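Participant: Given the coordinates of chain A, assemble chain B onto it according to the supplied hints.
Protein chains in written order, with the numbering used here: chain A, 24 to 505; chain B, 7 to 505.
No lab work stands behind these hints: they were computed from the structure. Just to be clear, a hint being listed does not mean it is correct.
Heads up, simulated DSS-like pairs for lysine-lysine below, C-alpha to C-alpha not over 25 Å straight-line [said to hold, decoys possible]:
| # | chain 1 | residue 1 | chain 2 | residue 2 |
| --- | --- | --- | --- | --- |
| 1 | B | Lys306 | B | Lys454 |
| 2 | A | Lys385 | A | Lys462 |
| 3 | B | Lys454 | B | Lys119 |
| 4 | A | Lys385 | A | Lys374 |
| 5 | B | Lys438 | B | Lys306 |
| 6 | B | Lys176 | B | Lys119 |
| 7 | B | Lys119 | A | Lys462 |
| 8 | B | Lys458 | B | Lys38 |
| 9 | A | Lys462 | B | Lys38 |
| 10 | A | Lys385 | B | Lys119 |
| 11 | B | Lys176 | A | Lys385 |
| 12 | B | Lys454 | B | Lys438 |
It should be emphasised that the depicted structure is a prediction, and the values quoted were computed from it without experimental measurement.
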Amino acid sequence: MENIRYDLIMALPEIVILSMAMIILLADLFLKQTSRIAIYALAQLALLVAAFITFSTHTPSIGYGFTGAFVDDSLADVLKLMIYLGTSLIFIYTRQYIQLRNMFRGEFYALVLFSVVGMMIMVSGQSMLTLYIGLELLSLSLYALVALDRDNARATEAAMKYFVLGALASGMLLYGMSMIYGMTGSLNISDINNALMGGQNIHSVLILGLVFVVAGLAFKLGAVPFQMWVPDVYEGSPTAMTMLISSVPKLAAFAFIIRLLVQGLPTLAVDWQQMLMIMAVLSIIIGNVTAIAQTNLKRMLAYSTISHVGFVLFGLMSASINGYASALFYIASYVLMTLAGFGIILLLSRKGFEAEQLDDLKGLNQRSPWVAFLMLIVMFSMAGVPPTLGFYAKFTVLQAALQAGYLWLVVFAVLMAVIGAFYYLRVIKLMYFDEPIDKHPIQAPFDMRVTLSVNACALLVLGLMPQGLMSLCGYAIFKSLS
Amino acid sequence: MVEYFTQHILSFAIWMPIFAGILVLFTANDNKPNVTRWLALAGSVASFLVTIPLYTHFNVADGGFQFQEGFQWILSFNINYHLGADGIAVPLILLTSFTTVIVVIAAWEVIEKRVAQYMASFLIMSGLMIGVFSALDAILYYVFWEAMLIPLFLIIGIWGGPNRVYATIKFFLYTLLGSLLMLVAFIYLYHQTGSFEIVDYYNYPMPLNVQVLIFLAFFAAFAVKIPMWPVHTWLPDAHVEAPTGGSVVLAAIALKLGGYSFLRFAMPIAPDAAHYLSGFMITLSLIAIVYIALVALAQKDMKKLIAYSSISHMGFVTLGFFLFNNLGLEGAIVQMVSHGFISAAMFLAVGVLYDRMHSRQIESYGGVANTMPVFAAFAVFFAMANSGLPGTSGFVGEFMVILGAIQVNFWYAFLASLTLIFGAAYTLWMVKRVFYGEIANPSVAVLKDINKREFFILATLALLVLALGVYPQPLTDVTNATVTQLLSHLAQSKLPAGL
Numbered sequence: 024m025e026n027i028r029y030d031l032i033m034a035l036p037e038i039v040i041l042s043m044a045m046i047i048l049l050a051d052l053f054l055k056q057t058s059r060i061a062i063y064a065l066a067q068l069a070l071l072v073a074a075f076i077t078f079s080t081h082t083p084s085i086g087y088g089f090t091g092a093f094v095d096d097s098l099a100d101v102l103k104l105m106i107y108l109g110t111s112l113i114f115i116y117t118r119q120y121i122q123l124r125n126m127f128r129g130e131f132y133a134l135v136l137f138s139v140v141g142m143m144i145m146v147s148g149q150s151m152l153t154l155y156i157g158l159e160l161l162s163l164s165l166y167a168l169v170a171l172d173r174d175n176a177r178a179t180e181a182a183m184k185y186f187v188l189g190a191l192a193s194g195m196l197l198y199g200m201s202m203i204y205g206m207t208g209s210l211n212i213s214d215i216n217n218a219l220m221g222g223q224n225i226h227s228v229l230i231l232g233l234v235f236v237v238a239g240l241a242f243k244l245g246a247v248p249f250q251m252w253v254p255d256v257y258e259g260s261p262t263a264m265t266m267l268i269s270s271v272p273k274l275a276a277f278a279f280i281i282r283l284l285v286q287g288l289p290t291l292a293v294d295w296q297q298m299l300m301i302m303a304v305l306s307i308i309i310g311n312v313t314a315i316a317q318t319n320l321k322r323m324l325a326y327s328t329i330s331h332v333g334f335v336l337f338g339l340m341s342a343s344i345n346g347y348a349s350a351l352f353y354i355a356s357y358v359l360m361t362l363a364g365f366g367i368i369l370l371l372s373r374k375g376f377e378a379e380q381l382d383d384l385k386g387l388n389q390r391s392p393w394v395a396f397l398m399l400i401v402m403f404s405m406a407g408v409p410p411t412l413g414f415y416a417k418f419t420v421l422q423a424a425l426q427a428g429y430l431w432l433v434v435f436a437v438l439m440a441v442i443g444a445f446y447y448l449r450v451i452k453l454m455y456f457d458e459p460i461d462k463h464p465i466q467a468p469f470d471m472r473v474t475l476s477v478n479a480c481a482l483l484v485l486g487l488m489p490q491g492l493m494s495l496c497g498y499a500i501f502k503s504l505s
Numbered sequence: 007m008v009e010y011f012t013q014h015i016l017s018f019a020i021w022m023p024i025f026a027g028i029l030v031l032f033t034a035n036d037n038k039p040n041v042t043r044w045l046a047l048a049g050s051v052a053s054f055l056v057t058i059p060l061y062t063h064f065n066v067a068d069g070g071f072q073f074q075e076g077f078q079w080i081l082s083f084n085i086n087y088h089l090g091a092d093g094i095a096v097p098l099i100l101l102t103s104f105t106t107v108i109v110v111i112a113a114w115e116v117i118e119k120r121v122a123q124y125m126a127s128f129l130i131m132s133g134l135m136i137g138v139f140s141a142l143d144a145i146l147y148y149v150f151w152e153a154m155l156i157p158l159f160l161i162i163g164i165w166g167g168p169n170r171v172y173a174t175i176k177f178f179l180y181t182l183l184g185s186l187l188m189l190v191a192f193i194y195l196y197h198q199t200g201s202f203e204i205v206d207y208y209n210y211p212m213p214l215n216v217q218v219l220i221f222l223a224f225f226a227a228f229a230v231k232i233p234m235w236p237v238h239t240w241l242p243d244a245h246v247e248a249p250t251g252g253s254v255v256l257a258a259i260a261l262k263l264g265g266y267s268f269l270r271f272a273m274p275i276a277p278d279a280a281h282y283l284s285g286f287m288i289t290l291s292l293i294a295i296v297y298i299a300l301v302a303l304a305q306k307d308m309k310k311l312i313a314y315s316s317i318s319h320m321g322f323v324t325l326g327f328f329l330f331n332n333l334g335l336e337g338a339i340v341q342m343v344s345h346g347f348i349s350a351a352m353f354l355a356v357g358v359l360y361d362r363m364h365s366r367q368i369e370s371y372g373g374v375a376n377t378m379p380v381f382a383a384f385a386v387f388f389a390m391a392n393s394g395l396p397g398t399s400g401f402v403g404e405f406m407v408i409l410g411a412i413q414v415n416f417w418y419a420f421l422a423s424l425t426l427i428f429g430a431a432y433t434l435w436m437v438k439r440v441f442y443g444e445i446a447n448p449s450v451a452v453l454k455d456i457n458k459r460e461f462f463i464l465a466t467l468a469l470l471v472l473a474l475g476v477y478p479q480p481l482t483d484v485t486n487a488t489v490t491q492l493l494s495h496l497a498q499s500k501l502p503a504g505l
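Pulled out of the complex, with its shape left as it was, chain B reads as follows:
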């Protein structure tokens, strides 16, 4: 039994939350929501525990795929159910299963309408996202990648805000468009190599023009997901309308799917195109970092502000990727994980306020620190982390990427580091307007401070943000070998000889 488990950890990590989700659906009874809630919590905690061996049993010296398993799935097209995780995937898988626990707890009393469907959507989505991170077969990956749109579509559409239908359909169609182009690239590669194994694509030489087309097809899929400027416009809409849990998953994990996929597909499959287009990618990243930060400054809606801040921070991730050096790449990965914690916490904090006041507008608040001192302390802490204060995880990733950028071009680093100013400006200005000053209105005056449940979630995230900020080694240890291997792969040209 134990042996079976250790050979199929990834399958357990994927299917456990999905089956838990289906089970939860069967408890659908809005009169007795507590059964559903406890079952969902048990399912998410169990799913999280299942992923822990991925970290404890991880061989840090091996940069390749570990925990591999698989069988032939669709013989007609040589499609395999092939799973495996490397140093980039493992932290993100853990982040996913952990975030799901947080989301389930965060929704505890807040979601009253169709609880079972809500919890089930998140559990199923968690399994599907882990599937995306661990699939080593292109079609398997694609199936997970697309399938996770369905629960997220429903989450935003059913439990979202007033303009939810527009937001969720926009989100779905944007993502679908990019994904389908990626599918065309997969089919093309299949006809060239006769396989859907991702690893087979890594070593398949291609002329530059083909590589560029393939890279652009992947770019369409991943840039939308990350999202990069200028295809980011779906994200603020989706974030604003999504319920708190939806925003958390969207920011903490869904955006990472795009970042992860660049490292898994676009760059190693078309390395020459990646080098060739790196100027373009870096430009887009810098625009996201600087311009979107300025856009964030002008927001009146807290969720929208954090959404723009997410885009700006993800700009660091893509910047780090396309620097092609160790610091940049590793910084980008740290940034992804750190942003997972921080953005989740920020959205949860807005959720705490929204549950009480039913407003996300900054102007509805003022002086919240007087009535909610404990909450204000957390909020200020996460705001600092979001603006990249040393000692928090937000600093580590950004600093590494900036150092990596200096090695390439001083001006890249200069523009990127502007964000430390802008980031501080928009986050702290929001904190000032919401939490400090006089109590703005009577409804703020009667606010109750956070309860134990909310305290527990925020405290856990705060500890993680601090831990990663002070001692990021456990994370970088896992990623190190993979990053080195990836960089050496990227350094080799895949152009066919004679071209």
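Next comes chain A alone, as it looks inside the complex:
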């Protein structure tokens, strides 16, 4: 009895968010459209309460619950806090957008909260089963979200594509997990690690299982050669959903990799390092080169995401505490940049108009110097130019890879970063050097403007003072992995 109570307290944030999602689903039935704002408030409240619980129950020690299937360590807590923050920003940025597009309904908030629960379970999963359940909860919510605008043919197509490929990836992942289970006799991450300790039991089936697991993860992350769905889904989904897909779930995917590969299969590090390396290199090439040819802003950002994923894999393949911490730092920076970037796209959209072509940014400096400046920061940050956060993200990852001895890969990544800089510069060129085509005034709620400004300026401020975020990431990794 005592044990169950302990377990439930450990999972309290998940329980809070899940309950709130249920409440929202019910409450939605009784609310008129005019009072729907209450649902928005409830969803934000759920995140706030969960954040408070996660923060106040945090200890540097590692706790296991639910017979070892669930873990509460620093990495989980830090990632969860980041997820709450990111989701809260998404709620603020998307409110007006979904209101204008008839999607301001309980389903949106409930589904997003379900996906948050999925992410939290992935973050805390300590058994292949919990990890998988978390991933599916996240994925299924996202498929439904993409198709939320039923009459939108493009969105429906994107959802279908996302679902089919996502289901395939889940299948591969599950298949790989079953092989690992077969060879080690356990689903539990720690037990898998113990079973393989010493390295005598490494069988080729295990390696095959690893290949499937890595392929499944790469699908979810959108790393080359499993990236095909990314641009289509990004482009087809309503921008609000694209923003969600491209941002916080990456934090959960990172946790998934850490749990499964780093904590569960460190004995196979040599094998998965090679796989990650190949995917990192390919992602950086394909992402950066293909982005140049895009005229659609969302598609361009999709390829940009692929290249960012490549850089994250760069940190992970270093297979050192330093490397994982830098990968976490990169992901956190990436999420912050992506949210600000999509936030600005949402800001420029209005009823009946989607700002999704690159040309829609033309002359933004003349329409609104402040918004143009915010986008300038985001773009330079994505390109990795100091004094923005994006520079330190690239810096930490590159130094980790260099420490692991990959000198020439680092030089290669750097050359690719120059290619990448080109398409970010093109966005700035459109905003600052061209005359505007679209001259509509920019309308947005006050809270969105303020949050977006803080979000984008944070990229600059954190670029000047990156120590706090670095320490946080280092702390999370160090306390959980050593």
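Facilitator: Below, chain B without anything else, positioned relative to chain A:
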């Protein structure tokens, strides 16, 4: 208060223009541009005044870093906010803050579109460039070095000529490519020494092949910036398209960042590689001096001509560096400062003509001296200085470098001194075609001579060019101890014992 200031002069020199720039941005109102202009002028003058104590309080006997200050910035990677200036940095810092004042005045009535953003870009860039000259931590240096690309990118792109987008993106990507390779070198050194302090790298021994790789990484960054032949092609494009102020800063300061950085990083960190590759570096410098001068001769666009002349003159700077003797090195530094004044003046002079005629083509002009006699006098003077006439600062640096070259190899000196002929040829030929002869067309006939503002700028620069030409001692006094110290450091091999 005074004490606080004297302990943080360099921080003031960096942050004052940056904050002034941000303040100027808030006055953005194109209907009342004068508020912006006066505020920008006040900010730039104040920023210049702040840098003067760097000269007056400089201890000429000390060849090390003075005015040091700092605190721990990013603990995770042992990165410090560490500033300091030696005898090479101080003149360049003063040059930077001075040039910014000139640029602000030069843009007074000329820039009408988005004045606040223009002025703010220059002020912020000025602070960032001073940061480059005074950073003693590799990452701090790198942050300033890269960050200054952003305002310059915008300056060329927003206020530039018709082909500005191509030019500015080319400029940005070229520079970024080199810089990132330098970053890889920094990270490598960090993993070897556990520190980003530049001074720690000076004494870290490395085998020759490592030194060569590190030198080449630095070379990629600095050679692009200087620019050396054959990675110079971005400069003529950038110069031609940039607004006058952009060209002035580019020529007077941005190019010096590359030269300065060779002395701060590439040579002292990898001295054996520097000796090993000196033949290569000297060859590139001589090609720049001779070949680029010939290219300049063929130009029809005045700005392009001066841009090529800049590359040729910067060839002298790199030549002086890699002679490894006192005269060469000191001459190179004098040349950097002198070129800062002269190229700034040349670009301003072209700007004066461009504002009136909206053409930079030599063939659009002819007989300008008839309608603009005062201006013509200045232009001829600066042209003489550019071609290295004795009595002007252009002569001092080139002459010292040539003397230094003779000590090493007669043919180096011979080829280098060809520039005195070619330089005179392309500059004076341009002056002849633009200023002398019959009045070429009706629009030249109605040209108005320079106003007080333009007179003031050109006269100030002319005085400085003369002063430095006649009496360069105040400059060489400051640099002397540092140069001696640097040369003795370069003379010691850093190869690990037993190799």
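Participant: Now, for every hint given, state plainly whether the structure supports it.
Facilitator: Comparing the hints with the structure gives:
1. At most 25 Å may separate the alpha-carbon atoms for a hinted pair to count; Lys306 of chain B and Lys454 of chain B meet this at roughly 24 Å.
2. Proximity of Lys385 of chain A to Lys462 of chain A is assessed by CA-CA distance (about 10 Å); at most 25 Å being required, the pair is judged to hold.
3. As the CA atoms of Lys454 of chain B and Lys119 of chain B are separated by approximately 23 Å, the hinted pair is consistent with the 25 Å bound.
4. Proximity of Lys385 of chain A to Lys374 of chain A is assessed by CA-CA distance (about 19 Å); at most 25 Å being required, the pair is judged to hold.
5. Between the alpha carbons of Lys438 of chain B and Lys306 of chain B the distance comes to roughly 13 Å, so the proposed pair stays at or under 25 Å and holds.
6. Our distance criterion of 25 Å between C-alpha atoms is met by Lys176 of chain B and Lys119 of chain B, whose separation comes to about 24 Å.
7. For the hint linking Lys119 of chain B to Lys462 of chain A, the alpha-carbon distance of about 19 Å falls within 25 Å, and the restraint holds.
8. For the hint linking Lys458 of chain B to Lys38 of chain B, the alpha-carbon distance of about 22 Å falls within 25 Å, and the restraint holds.
9. A hinted pair counts as satisfied when its Cα atoms are at most 25 Å apart, and Lys462 of chain A with Lys38 of chain B qualifies at roughly 24 Å.
10. Under the criterion of a C-alpha separation no larger than 25 Å, the hint pairing Lys385 of chain A with Lys119 of chain B is consistent with the structure, at around 17 Å.
11. For a cut-off of 25 Å, the pair hint linking Lys176 of chain B to Lys385 of chain A stands: about 20 Å separates their Cα positions.
12. Distance restraint check for Lys454 of chain B and Lys438 of chain B: the Cα-Cα separation of roughly 19 Å lies within the 25 Å cut-off, and the hinted pair is therefore satisfied.
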